[in-house]
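Got chain A sorted already, so can you dock chain B onto it with the hints?
Protein sequence lines, in the order shown, are assigned to chains A and B.
Using numbering that gives the first Met the number 0, you'd call the opening residue of the first sequence number 0 and step up by one each time.
Using numbering that gives the first Met the number 0, you'd call the opening residue of the second sequence number 0 and step up by one each time.
Simulated from the structure, these hints should not be mistaken for laboratory data.
For each residue, glycine too, the CB sits at the ideal point set by N, CA and C.
Treat each hint with caution, since some may be false.
To be verified - Far from chain A by the CB rule (all over 12 Å, computed), these chain B residues:
#1 Y17
#2 L33
#3 W410
#4 Y536
#5 T539
#6 R562
Unchecked claim - Covered stretches of chain A (in silico footprint by chain B; criterion: 3 or more residues with CB under 8 Å from a CB of chain B, positions within the stretch not fixed):
#7 11-17
#8 28-39
#9 55-67
#10 70-77
#11 81-92
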Amino acid sequence: MRRERSRAPEMDVLAVALGALLAVAAVAFVARPFLAEPDAEDDRLAGRTSAEQERLELLERRDRALGALKELEFDHRTGKIADADYEASVGPLRREAAEAMRALEPLAPPARAPVEKVDARA
Amino acid sequence: MPGLGSAALVVAFGLVAYAAVAGGYAAHRGRRRLLESATNALFASFASVLLAALVLLAALARHDFSFAYVASHTSRELPLGYTLASFWSGQEGSLLLWLLVLTGIGSAAVALNRRLIRTVIPWTVPILGAIASFFALLLVFVASPFATQVAPADGAGMNPSLQNPYMLAHPPLLYLGYVGLTIPFAFAMGALASGRADERWIIATRRWTLASWTFLGFAILLGAKWAYEEVGWGGWYAWDPVENAALMPWLVATAYLHSVMVQEKKNMLRVWNAVLVAGAFCLSLFGTFLTRSGVINSIHSFTQSSIGAWFLGFIAVVAAVSTALIIYRLPLLRSRTRLESLVSREAAFLYNNLFLVAFALTVLWGVIYPLVSVAVRGVAETVGAPYYDFFAVAFGLPLVLLMGIGPLVAWRRASLRAVGRSLLWPAGAALIVGILLLLAGAGSSPAGLVGYTFAAFVLAAIALEFVRGTRARHALGGGSWPAAFTSLVGRNRRRYGGYVVHAAIVLLLVGAVGIGGFGTTQEGKLTQGQSVEVGDYTLTYLGSEQRRAANSQELRARLAVSRGGEDLGTVLAGKNRYFAEQQTSNEVAIRSDWLRAEDLFVIADQFNPDGSVFVKVIVNPLVNLIWLAGLLFVAGALITLWPDAREQRRLARRFDEEGALARA
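Bound-form chain A, shown alone (with noise of 0.2 Å):
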């Protein structure tokens, strides 16, 4: 007991000074996107403008359509999709993918094949 009295304020001393370390190691840590650069060039977040987000969901859409594409073909295949269905669906789902990617066609960047194939394997 009385090993226990004499040891505490070394504890707590010890205590302290780890805390004041950690604090002191958190703080750097947090401030280090400051210190790295402290007079930044640009200093703001790169966000979207309503024409990026336009395009994003461009491609969403696109991306949205081609998955549909195959799955409608896949399950065409099992037989979950009778003909008459799967003809009724097949013509618009691949309308709304090309009309996606004609939308997008005039932004796409050169020496770039973004578009994949309609494969009923995948």
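Then chain B, alone, in the frame of chain A:
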């Protein structure tokens, strides 16, 4: 060193508060370095909370009773495993575990999606910081695990009910589930606050949500196994408020996992998905509140505390802010796509969502009813098992049917004739199973008969999906049949992993119906040499015996078990008297027969001075299927969670295109 633990918590509180405030300012004003600084604060908070957790674990391992928490929840004779597990057996430790998991997975989710957060949804970091601030505030100012005292010679020990191996895993998994739901919430609300209604937040959080849901579901089953063995009434789920507390967010998260597919495929239900994500998170907070506040009586609630008001206030703030944000962003969220047909996969998902959410709300009403009745009539009234059983059947059976019908219906639209043709085989299989069961005498429980017939329907539908898919894959790619099967599952892990999860739910249904509809019970006083018969079993009381264990005195009744004249050995059922805790626990005997999938469950309720014992013997048919369902559930979830290289390549290509388009 309680001082170091306290200091680490204070530093963590400062860090998460900074992440919330500075991160919010950075997101609002578009300051890059400040957001990076706030992100670093979130990362650093995990290290700080981890240090606090290590201090507490060290104190537990060393039996340092100068920590009031250690003295209140452990004793010198408590085995080491339970001593370390007492980290989460008390309120302060549980809150520390919440904060540790939150800062850990929050940091991981932010680190893995750093680019997305910096460019698209900067509000994620302050939202995570704000949630963590609440828990850090509680730990620093209200319920610190580092309060000290003059060390007593020994601790008070651990509640005997918690001294069960399942309690080593159940609470951490439960908290991984509860806290994990913070990630989709923070990203969804971050996306709304940032004005981004595209599906990137869904892609970023898909696996986090699935993992949280898996942890929560598996934890619920582990909790049921604990209750089955430890509480010892012979059942596995008693609609206890704390059990329901975990079930509610799981049901809502299940609804979300289905409806989010409709958003991904059809760009529909965007408002509904935001509501579900917020609802699941609020219910996970509510679950923690129920477990920790002691406001409602429960066999699983081991605490009475003053943090209830804090939790209720926080839940109210989260619900109000989420609702306001969703309403504010309604113009962005409104879908331009409409439901094309009421007979389609998306319509099936919609029906499934309605049943799941309706079930979750009826459970919620049952849980809060005692509080409402006190507030309105001044008397605490509770709703019992019949209330929950009624709604479990009313909403559960249509849900089971939908599990069979949904996968067989195509997206967008399907003709009734095509659906009818798809359902022919499963319906035929269900009919045959129903007739066979009726002939075998299963008509004694009409609900059981209906449940099993529905289960057969779903299993047949799932089998049909695998058979058709494998056949189509084989026709497309050639190769062997096993290769076609592997390719089928590998190319659409979400769909086929989901089917495995459906099969697990059916297995659970079969087990639950078995124990609920076809169980047999017998009870009575036995003197030495006397027998009791239950079902095919005969149990003969051979006498009682005592043994001293590490931290308890064990008293057991030994019973010889035979079935149809065949000797099956003996079982020991009785009680443990715990020294430090000064409490007694029932220790049931369970003899599992895995071939028959049934348990012989023996409770020695009372030992009399004349040497006789009062026993209750239960035969629980098919109960083991419930535990097997847990393993199958995890297997299905793992298939779904397993990274899909093709999907990742597709997404990477899209993100590259986004970048390229933005630069063009």
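Among all the numbered hints in the text so far, which are the ones the structure does not match?
Numbers 1, 2, 3, in rising order.
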